[in-house]
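J.: Residues per chain, in single letters:
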Amino acid sequence: MMINNNRKLMRRSLTVLIIIAFASIIILLDTKTIGDNYVRRILNLGAIYAIVSVSMNLVNGFTGLFSLGQAGFMAIGAFTVAVFTVPVELREAIFYIVPQNPLVANIELPFFVALILGGLLAALVSILIGMPVLRLKSDYLAIATLGFSEIIRIIFTNMKTITNGALGINRIPGIPTMWITFGVAIVSIIFIVLLINSSYGRAFKAIREDDIAAEAMGINLFKHKVISFAIGAFFAGIGGGLLASLLGTVDPKQFYFTMTYNFLLIIVLGGMGSVSGTIIGSFVVTAGLEYLRIFDEPLTVLGVNIPIFRAGFRMVIFSFLLMILVLFFRQGIMGQKELSWDMIEGWFKRRKGLPKKGKVDKGGTI
Amino acid sequence: MSFETFMQQLANGISIGSLYALIAIGYTMVYGILRLINFAHGDIFMMAAYFMVFSMINFSLPWYIAIVLVIISTVILGVVIERIAYKPLRDAPRMSIMISAIGVSFFLENLATYLFTGVPKGFPDIPFLTQAANIGGISLSVATIVTPIITIILLLCVLFITNKTKIGMAMRAVSKDYETARLMGIKINRVISTTFVIGSALAAVGAVLWGAKYPSVMPLMGVMPGLKCFVAAVLGGIGNTTGAVIGGFILGMGEMMIVAFLPLLTGYRDAFAFIVLIIVLIVKPTGLLGEKVTDKV
Chain D
1 MMINNNRKLM RRSLTVLIII AFASIIILLD TKTIGDNYVR RILNLGAIYA IVSVSMNLVN
61 GFTGLFSLGQ AGFMAIGAFT VAVFTVPVEL REAIFYIVPQ NPLVANIELP FFVALILGGL
121 LAALVSILIG MPVLRLKSDY LAIATLGFSE IIRIIFTNMK TITNGALGIN RIPGIPTMWI
181 TFGVAIVSII FIVLLINSSY GRAFKAIRED DIAAEAMGIN LFKHKVISFA IGAFFAGIGG
241 GLLASLLGTV DPKQFYFTMT YNFLLIIVLG GMGSVSGTII GSFVVTAGLE YLRIFDEPLT
301 VLGVNIPIFR AGFRMVIFSF LLMILVLFFR QGIMGQKELS WDMIEGWFKR RKGLPKKGKV
361 DKGGTI
Chain B
1001 MSFETFMQQL ANGISIGSLY ALIAIGYTMV YGILRLINFA HGDIFMMAAY FMVFSMINFS
1061 LPWYIAIVLV IISTVILGVV IERIAYKPLR DAPRMSIMIS AIGVSFFLEN LATYLFTGVP
1121 KGFPDIPFLT QAANIGGISL SVATIVTPII TIILLLCVLF ITNKTKIGMA MRAVSKDYET
1181 ARLMGIKINR VISTTFVIGS ALAAVGAVLW GAKYPSVMPL MGVMPGLKCF VAAVLGGIGN
1241 TTGAVIGGFI LGMGEMMIVA FLPLLTGYRD AFAFIVLIIV LIVKPTGLLG EKVTDKV
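In order, the protein sequences belong to chains D and B.
Read left to right, the first sequence gives residues 1 to 366 (the working numbering).
Read left to right, the second sequence gives residues 1001 to 1297 (the working numbering).
For the record, the hints were derived by calculation from the structure and aren't laboratory data.
Nothing here was measured: the structure is a model prediction, and the numbers come from that model.
Note that beta-carbon positions come from the ideal geometry of N, C-alpha and C, so glycine has one too.
Warning: the hint list may mix true and false statements.
[Claimed, not checked] Cβ-to-Cβ under 8 Å is the rule here; a few derived chain D residues that face chain B:
1) Val133
2) Leu136
3) Ile143
4) Glu150
5) Ile151
6) Asn158
7) Thr161
8) Pro173
9) Gly174
10) Pro176
11) Phe309
12) Met315
13) Val326
14) Phe329
15) Arg330
Construct the entire structure; sequences and hints are all you get.
T.: Structure below.
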């Protein structure tokens, strides 16, 4: 008993320590004491990707619906933030070809209001798509959502008076501190985790495992599928809004449907049905996508130009990685498990090659 | 609108519809047997167009040899994809195999961008197909007239294979009940490969005819036709070959009619297919010719 209590205390204090360390690293980065803008940008991007990927995992990994509309929902969130947060006096200069529609031209909203509005619009659109599609076998959801994310791009390109068409909107007020991206990410992920552990979450998982059995147990399939899908879309919209603010500029081309495949790679890498795996995956993939840019640049070794290194090679590697993951490491990093102290202890034990039992008896030493 | 313009648009609609039909057959057959949305099908179509560009421009082969070569290499590509990316996942959850299909699709798109760059390549001119024909004052390219005829002939071939041959019978058995068919001694892998052979060959023919009509080849050219043709397959009743062809025709004609009658909406032409999908799913989820399938526990 004593040993168990000790370990519990140890774990708790370690958790607190890690949270403090994490917070202080962010504070140091945020106050520009350490790191450069590049690192800050990648971390911000990682946090945004974490929001979108965790919400996608809620739909794909926890509810078992194959949704590929993330890029489209992000576009809705991004354009809502872009349209409503750009200062009114700057708009004439941005909409220099076609003036902005008077309905929205004079409305300027605070960032967070616009962000939430973007999420709500994305959720509303997702319900409109989900209503007809989710009533049936959810096979068609993949095609409907993939098609939708193309359509939304076409609509945004054509709605010149609101979105400025293909030119896009720039001069979006930036994010003043990293706490906005990380704060929103933490709040969203906590919300999703709470949801997954609630009765709704259990219903989602039941639907994923066997929808006929779930229905027989009295779960309203349609209602739960729509809820999961709409919440996923809401957070994708939030992620898109943050992305717009981080980049300072949006145009419909950014939200090409291949963007969704990045999130798909993240959730497959992290583990379909694991929130902590998805968060790890988000930062790994975001950093990977940035740092692997060397593959896109010509490489010369000992005066010999290696011809395979040129533009586009990075994405070939990335898509190849997705296939390798699905074919050989279908569980990803975490499978359906969550990161826990038991798991970490397990790793350490395996590395030291000690039998599990013996290690536990010694206690305390992690 | 004059009668001539209308007829011209109608002919265009029929010919684009039959191109959709050719691709949709591949989708519907694979879905019928594996219950898999083969996301890579549109990209197989794209690769076929590149094969045509290379065999005619880089190796300067005459078009009739090039077409045969393109069909063969596309079939090989399709079967290799099935062997590498889908076969190991036979017993995996359905979502894994769909992700694998997306992986293949994404890989082919990126590979094409990397190898051939994103700059559109001109499709080789096939004089026989691109010359203009004049029928009753309506000027059309031969490709426009030939495409529906080829589609109908190929549909009849596919129907013959599925209804009259032994392998076709095996295909129907597998699509009815995968496990039982396997227990009855049907070689599942051979059946699935044959499906991919037929689908890829039709996609290759589609790519050649498509190129004669829209002579520009790009790495992402297969995406939109791919998505739309799946919708065509759903509209016709997924799993039903004739249905896929009818669905393709309806979709192609509908699109062209939008361009002809509502020119303001031309920008939204690509949206038409997805509106059709939503309507079909609300009104008649089994599609025009589809059978009602009940889920078994």
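J.: Against this structure, judge whether each hint is valid.
T.: Against the structure, the hints come out as follows:
1. Val133: 6 Å, holds
2. Leu136: The hint holds - D/Leu136 has a Cβ within 8 Å of chain B, the shortest such distance being about 5 Å.
3. Ile143: Holds - the Cβ of D/Ile143 comes within 8 Å of chain B, reaching about 5 Å at its closest.
4. Glu150: 7 Å, holds
5. Ile151: 5 Å, holds
6. Asn158: 5 Å, holds
7. Thr161: With a minimum Cβ separation of about 14 Å from chain B (threshold 8 Å), the hint on D/Thr161 is violated.
8. Pro173: At about 30 Å, which exceeds the 8 Å cut-off, the nearest Cβ of chain B leaves the hint on D/Pro173 violated.
9. Gly174: The hint is violated - D/Gly174 has no Cβ within 8 Å of chain B, the shortest such distance being about 30 Å.
10. Pro176: 36 Å, violated
11. Phe309: 11 Å, violated
12. Met315: 4 Å, holds
13. Val326: Because about 5 Å separates D/Val326 from the closest Cβ in chain B, which is inside the 8 Å limit, the hint holds.
14. Phe329: 11 Å, violated
15. Arg330: 6 Å, holds
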